[in-house]
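Asks: Given next are the chains, with one letter for each unit.
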Amino acid sequence: DAGVTQSPTHLIKTRGQQVTLRCSPKSGHDTVSWYQQALGQGPQFIFQYYEEEERQRGNFPDRFSGHQFPNYSSELNVNALLLGDSALYLCASSLVRAANYGYTFGSGTRLTVV
Amino acid sequence: GDSVTQMEGPVTLSEEAFLTINCTYTATGYPSLFWYVQYPGEGLQLLLKATKADDKGSNKGFEATYRKETTSFHLEKGSVQVSDSAVYFCALSGRGAQKLVFGQGTRLTINP
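For the record, the sequence lines run as chains A and B. First residue of the first sequence: 1, per this note's numbering; consecutive thereafter. First residue of the second sequence: 1, per this note's numbering; consecutive thereafter.
Accuracy of the hints is not assured; some may be wrong.
Unchecked claim - Going by beta-carbon spacing under 10 Å, a handful of chain A positions derived as facing chain B:
hint	residue
1	33
2	35
3	37
4	41
5	42
6	45
7	47
8	56
9	88
10	90
11	102
12	103
13	104
14	107
15	108
16	110
Said to hold, decoys possible - Some but not every residue of chain A turned toward chain B, in silico, with C-beta under 10 Å:
hint	residue
17	6
18	40
19	58
20	92
Simulated from the structure, these hints should not be mistaken for laboratory data. Even glycine gets a Cβ: it sits at the ideal position worked out from N, Cα and C.
Start from the sequences and build out the full structure, keeping to the hints where you can.
Replies: The structure is reproduced here in structure tokens:
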């Protein structure tokens, strides 16, 4: 049973560019959340998608946007990249009615902005 | 808002030593509590969880008890191994599939 799959694994972008990260949730899961983990820090919540709608949002600017598709997969888009956007981006999936039992994380996409 | 505070790292122990990593939280209501582990170059793996007061989560020799009176969820292991070297994150989640709020992480290194 495949867990959460993220692509690409590594990415280098130039300041001002735009980037799209992708996530396929664990089979049977219907909710996808995105987190940003700066080096040496704990993950910070970006937003969560359920039924193709943004359900919750953390304290991130509008440059960060997302989408969930009918097959529950998700994309994270970041526009006008800043050097400070360099981080590990983690996708986590869950079943909305059982989220209190834990989320399954992917291995992440390492984004470097130069 | 909700928050999680973990003991400062890094923590370095010898193999077979006893481990405690402290975690306290601030939250409204009755959150679920989690410990996640992150090995080098990887994402987070759920280590254990507790969903209500006095619950004890356990896995791979690790344990943590949900203490509502002290708002704590300390991680313990009786005898650590070199393979336990990783970064450990305490986290909470409110009811209704709420977001995870993480502590800053504690880097653990076990020497043979």
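Asks: Mind listing which of the numbered hints don't hold for this structure, in increasing order?
Replies: none
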